Amino acid sequence: MRKACIDMVYELAKRDNRVVFVGSDLGPGILDDMKREMPDRFYMEGVSEQSIIGMAAGLAMEGYLPYVNTIATFITRRCYEQVAVDLCLHDLPVRLIANGGGLVYAPLGPTHLAIEDIAILRALPNMTVTAAADAEEMRRLMAATLDWPHPVYIRLGKGGDPVVTRAGDAFAIGKAIALRPAGDVVMIATGVMTGRALQAADIMAKDGVRCGVLHVHTVKPLDAEAVLAAAAGASLVVTLEEHVLSGGLGGAITELFADRLSGSAPRVLRLGIPDRFPNEYGSQDSMLETFGLQPQQVAEAVVNVLDAATGLVGRRLPTARRAASADETAGR
Amino acid sequence: MSLIEILRVLYDDVLRHRPDDPRWPERDRCILSKGHGCLALYAVLADHGYFPRQEMRDFCRQPSILGGHPERGKVPGVEASTGALGHGLPIGVGMAIAAKIESRDTRVFVVMGDGEIDEGSVWEAALCAAKHRLRNLTAIVDYNKLQSYGPTAEVLDLEPIIDKWRAFGFATRECDGHDVAMLRDALNAPRSPDRPTAVVCHTVKGKGVPFAENVADWHHKSKLAAAEIDDIYGALKDS
Numbered sequence: 001m002r003k004a005c006i007d008m009v010y011e012l013a014k015r016d017n018r019v020v021f022v023g024s025d026l027g028p029g030i031l032d033d034m035k036r037e038m039p040d041r042f043y044m045e046g047v048s049e050q051s052i053i054g055m056a057a058g059l060a061m062e063g064y065l066p067y068v069n070t071i072a073t074f075i076t077r078r079c080y081e082q083v084a085v086d087l088c089l090h091d092l093p094v095r096l097i098a099n100g101g102g103l104v105y106a107p108l109g110p111t112h113l114a115i116e117d118i119a120i121l122r123a124l125p126n127m128t129v130t131a132a133a134d135a136e137e138m139r140r141l142m143a144a145t146l147d148w149p150h151p152v153y154i155r156l157g158k159g160g161d162p163v164v165t166r167a168g169d170a171f172a173i174g175k176a177i178a179l180r181p182a183g184d185v186v187m188i189a190t191g192v193m194t195g196r197a198l199q200a201a202d203i204m205a206k207d208g209v210r211c212g213v214l215h216v217h218t219v220k221p222l223d224a225e226a227v228l229a230a231a232a233g234a235s236l237v238v239t240l241e242e243h244v245l246s247g248g249l250g251g252a253i254t255e256l257f258a259d260r261l262s263g264s265a266p267r268v269l270r271l272g273i274p275d276r277f278p279n280e281y282g283s284q285d286s287m288l289e290t291f292g293l294q295p296q297q298v299a300e301a302v303v304n305v306l307d308a309a310t311g312l313v314g315r316r317l318p319t320a321r322r323a324a325s326a327d328e329t330a331g332r
Numbered sequence: 001m002s003l004i005e006i007l008r009v010l011y012d013d014v015l016r017h018r019p020d021d022p023r024w025p026e027r028d029r030c031i032l033s034k035g036h037g038c039l040a041l042y043a044v045l046a047d048h049g050y051f052p053r054q055e056m057r058d059f060c061r062q063p064s065i066l067g068g069h070p071e072r073g074k075v076p077g078v079e080a081s082t083g084a085l086g087h088g089l090p091i092g093v094g095m096a097i098a099a100k101i102e103s104r105d106t107r108v109f110v111v112m113g114d115g116e117i118d119e120g121s122v123w124e125a126a127l128c129a130a131k132h133r134l135r136n137l138t139a140i141v142d143y144n145k146l147q148s149y150g151p152t153a154e155v156l157d158l159e160p161i162i163d164k165w166r167a168f169g170f171a172t173r174e175c176d177g178h179d180v181a182m183l184r185d186a187l188n189a190p191r192s193p194d195r196p197t198a199v200v201c202h203t204v205k206g207k208g209v210p211f212a213e214n215v216a217d218w219h220h221k222s223k224l225a226a227a228e229i230d231d232i233y234g235a236l237k238d239s
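Protein chains in written order, with my numbering: chain U, 1 to 332; chain X, 1 to 239.
One should not assume that every hint holds.
Straight-line C-alpha distance at most 20 angstroms; calculated DMTMM-like pairs for lysine to aspartate or glutamate [stated by the list, open to error]:
hint, chain 1, residue 1, chain 2, residue 2
1, X, K100, U, D147
2, U, K158, U, E136
3, U, K158, U, D25
4, X, K100, U, D40
5, X, K223, X, E213
6, X, K131, X, D194
7, X, K164, X, D194
8, X, K74, X, D157
9, U, K220, U, D147
10, X, K131, U, D25
11, U, K206, U, E62
12, U, K175, U, D202
13, X, K131, X, D157
14, U, K220, U, E81
15, U, K14, U, D33
16, U, K14, U, E37
17, X, K131, U, D40
18, U, K35, U, E11
19, U, K3, U, E136
20, X, K145, X, E102
21, X, K164, X, D179
22, X, K100, U, D16
23, X, K223, X, D238
24, X, K74, U, D25
25, U, K35, X, E102
26, U, K158, U, D285
27, X, K131, X, E154
28, X, K100, U, E62
29, U, K14, X, D163
30, X, K74, U, E62
Just so you know, these hints were derived from the structure itself, not from any lab.
Bear in mind that the values here come from a model prediction, so they are computed numbers and not experimental data.
Kindly produce the complete structure, drawing on both the sequences and the hints.
So this is what it looks like as structure tokens:
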């Protein structure tokens, strides 16, 4: 996904001479072709995020489309005031390409984890917050950024994530994509968690639970109508994100329900990262497991809630299987 | 008050600008990075006809366009919304690079306060400006030697201030920031062929009002008694 994103910067720069790239001390060799071919539109600056965001704002005020790239936590927390004032207050078309959104930098510890990025950027007026599911969708997203008139946050996954989106689905910033039709339950996911949501839906299908999947690649502006349509008729709405539970996708969805559905809001299960600094190392996958966010764990959590709330699963499962499940739960 | 001559000279004698066409592409850019000095900027912009002087009467009141810090898009002639300190120089770097890309002979001036340059972002941008040899960029420091709490020498000493800018790769100049002729010379002097310029203007906070000069308390004064206002007018007439 990261390579697809960076390659697209070069492709977009070839199409549109407003595009400039600004990096913050990235790895050697990045975008060498662009640097060679259009040296006046390639800037590799130092470890100075505050200044870089201001510089990008100045370029954007002069009509350029800067794509700024560094590690997610540094392009958000380190220069939050610059993002708020220089980019959002001026409503400038600067793109923030954020390496390692979520738990990607798990081996490097909590200083490098960007797990509240969506929440803090979602709070800023004019900001657009995106998290593509895979490399193919990243290409479609990047193409769409060319004509989007506002600042955009582009959350990158680790890379090598399975392609789960479909070329045939029209892509537009701010428009969610229904990857599975809603059933008893609808799962609303963003970023690479959409792939895990689909896997969890497959697991649940074996238990007879029909689970829809709505992919929200744009958390802000949220596609309210698509979310409300997906939630209509579902017994349970599940939000799934590689992000703290405060203020992210789940926060956005529950705010929407509170604002638009009032007393008739569906039951919501928010799955994400608890309110603590992770003190574990490991890999993105192992950390997701720690937080119960891998497909099997997600499926179990959903089924448990669904069962407790409605008895729906229990009614469908064969009796023998239920008994076996109960034995497992009791640790026999 | 420490700032007024700097802005006066910039807009009267230095900047290429068109008040009737504030977005004229060939204009020189001037960012008041110390946004809290906006009253001086508003007075100069109004004097040049960017907006009617009557607008000043509603300063900081609805529905005026003139707030306690200047905002781009609201106030004709304001290049960047400032107020949070340390933002102007990085933005100016971006504008100066844009001019360089296009081989435009546009100059960019960024006016900063002395307390403002405590901010690390200023020095990040200074490194960047020198790296890109932005000869079209001028950093101006209103060095009145007083910040919010007290003297800069005590709160966070900036000396040796000229050496610092020079060490960061800037051509440097120093002048009396209330001496109009010296300001003209400093701001119009030929530019370095390959370095940005820093002009340190020695100024007096509250200049022209003897009882306010160099008194930190006046930095925050917003409510004035009628007698105080009379005293200020009296002092200005005498100065």
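Taking the hints in turn, this is what the structure says about them:
1. X:K100 with U:D147: Status violated; Cα separation ~24 angstroms.
2. U:K158 with U:E136: Measuring from Cα to Cα gives roughly 14 angstroms; hence the hint holds.
3. U:K158 with U:D25: Measuring from Cα to Cα gives roughly 19 angstroms; hence the hint holds.
4. X:K100 with U:D40: holds, 9 angstroms
5. X:K223 with X:E213: holds, 17 angstroms
6. X:K131 with X:D194: With Cα atoms ~10 angstroms apart, X:K131 and X:D194 stay inside 20 angstroms; holds.
7. X:K164 with X:D194: Holds: X:K164 and X:D194 sit about 18 angstroms apart, inside 20 angstroms.
8. X:K74 with X:D157: violated, 36 angstroms
9. U:K220 with U:D147: Holds, at roughly 17 angstroms.
10. X:K131 with U:D25: holds, 14 angstroms
11. U:K206 with U:E62: This hinted pair is violated, its Cα atoms lying about 56 angstroms apart.
12. U:K175 with U:D202: Violated, because 24 angstroms separates the two Cα atoms, which is more than 20 angstroms.
13. X:K131 with X:D157: violated, 26 angstroms
14. U:K220 with U:E81: Distance of about 19 angstroms is within 20 angstroms: holds.
15. U:K14 with U:D33: holds, 11 angstroms
16. U:K14 with U:E37: holds, 9 angstroms
17. X:K131 with U:D40: holds, 14 angstroms
18. U:K35 with U:E11: holds, 13 angstroms
19. U:K3 with U:E136: holds, 11 angstroms
20. X:K145 with X:E102: violated, 38 angstroms
21. X:K164 with X:D179: violated, 24 angstroms
22. X:K100 with U:D16: holds, 18 angstroms
23. X:K223 with X:D238: The given pair, whose Cα atoms are some 23 angstroms apart, is violated under the 20 angstroms limit.
24. X:K74 with U:D25: Between X:K74 and U:D25 the Cα gap is close to 36 angstroms, so the pair fails against 20 angstroms, i.e. violated.
25. U:K35 with X:E102: holds, 17 angstroms
26. U:K158 with U:D285: Between U:K158 and U:D285 the Cα gap is close to 10 angstroms, so the pair holds against 20 angstroms.
27. X:K131 with X:E154: violated, 32 angstroms
28. X:K100 with U:E62: Holds, at roughly 11 angstroms.
29. U:K14 with X:D163: violated, 43 angstroms
30. X:K74 with U:E62: holds, 17 angstroms
Consistency note: the structure conflicts with the earlier hints numbered 1, 8, 11, 12, 13, 20, 21, 23, 24, 27, 29.
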